[in-house]
Amino acid sequence: MLRFFFLFVLLLAVLFGLELTPWAQEWLVQPWTSTLASISTWIVTLFDLDVVATGKVMRSGATGFAVSIEAGCNGVEATLVLLAAMLAFPAPWNYKFVGLIIGIVAVQLLNILRVISLFYIGQWNYDVFEWAHLYVWQALIMLDVLVVWLIWVRRIPRSEDSRSPPAAPPALAAG
Amino acid sequence: MRPDTPHVFKSPLTRFVVAALAWLPVTFGAWYLLAPVLLWPVRLLVEFVANVGFRDVVRTIESGGRSLTFITTLKPAEGVGAGVVSVDVNMLVYAFGMPLFAALTLAAHEAKWWRTLAIGYAVIVPFVAWGVLADFLKGIAIVAPAAIASQTGFSGWQREMIAFAYQFGTLILPAVVPAVLWVLLHRAFLERLRRPAG
Chain S
1 MLRFFFLFVL LLAVLFGLEL TPWAQEWLVQ PWTSTLASIS TWIVTLFDLD VVATGKVMRS
61 GATGFAVSIE AGCNGVEATL VLLAAMLAFP APWNYKFVGL IIGIVAVQLL NILRVISLFY
121 IGQWNYDVFE WAHLYVWQAL IMLDVLVVWL IWVRRIPRSE DSRSPPAAPP ALAAG
Chain F
176 MRPDTPHVFK SPLTRFVVAA LAWLPVTFGA WYLLAPVLLW PVRLLVEFVA NVGFRDVVRT
236 IESGGRSLTF ITTLKPAEGV GAGVVSVDVN MLVYAFGMPL FAALTLAAHE AKWWRTLAIG
296 YAVIVPFVAW GVLADFLKGI AIVAPAAIAS QTGFSGWQRE MIAFAYQFGT LILPAVVPAV
356 LWVLLHRAFL ERLRRPAG
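Taken in order, these protein sequences are the chains called S and F.
Using this note's numbering, read the first sequence as starting at 1 and increasing by one per residue.
Using this note's numbering, read the second sequence as starting at 176 and increasing by one per residue.
Keep in mind that the hints were calculated from the coordinates and are not lab data.
In this text, a Cβ means the ideal position worked out from N, Cα and C, and glycines have one as well.
One should not assume that every hint holds.
Short derived list, chain S residues pointing at chain F, Cβ under 7 Å [said to hold, decoys possible]: (1) F16; (2) G72; (3) A139.
To spell it out: a stretch of chain S is covered by chain F in this simulated footprint if at least three of its residues, at any positions, have a beta carbon under 8 Å from a beta carbon of chain F; those stretches are [said to hold, decoys possible]: (4) 126-136; (5) 150-157.
Model the full assembly from the supplied sequences, consistent with the hints where possible.
Have a look at this one:
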């Protein structure tokens, strides 16, 4: 478990550092954030035609309310956490590959729900929007990452990961 | 949600997820109400670090319970005699990992869960302090107008470090620390989750 922990921290720091580089921002993060705004807007226009996306901004023509999808709300960091957790955990590469594809889709789907929900919560009540935006959705996205990782870990054949996680200390195992 | 009691959900993982979602509103409510108490050690830690590392910039720190106001020695502009720059930081932004960790721990409901809660709280506090301090430093060194930022004396690489510390302390640590901590403190629970049914 300690090997997993240190590898996870190292990978996460490296991936996050790479994400902050101007190259990654210009070619990966910003295009993805705009795509996320477009996908969210497309879904919303299925029942609310008065919404448009401009770059990373979703705007309501009826109310004038707009949300700008910024770092932390585009699901990129949550994806990096999942990526680091799956790469660091001992498992066959084909399991890592399939787990990452399905996991990233699961995280981004929930993130689209976050963007759309915040778009409407913001038009309803700004205080609730702040709560949902700053605290609740942050926790829910991380819970999503954790659950995806737990489902993935459950599906790894036991013989393939005999190195981890080691038996818990007696105090913890007593539960 | 004890493992030896009958449950609607067959899968222990489904049980855990449902329990965590049920606990989240409770822990978030308790966290918000108790925030002035829960964040008091964060304030002490921030004050200690500010006194040791940034004494020339921070004059005093005032607490609003859930937020801190850094009263600095910086002037609003060159040659201005009166008035100093102050920076407000909302501590809750960096502390939502507390209710998340509590919900995960209560959902797992392992033996001595109260001890796990205490350990988790003690570990999360310094990371909240990290976020609060990085937010303050970003405020005076990066976001502030050049006339204010220049008074801090931070070099270019120090500003880069502050920017990274702020980004890491905002986008990664508040959510990741409670999740990783929960995994490390629930290895027996994870083993049971992985055990084949029957």
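Results for each hint:
no.	hint	verdict
1	F16	holds (6 Å)
2	G72	holds (5 Å)
3	A139	holds (4 Å)
4	126-136	holds (count 3)
5	150-157	holds (count 4)
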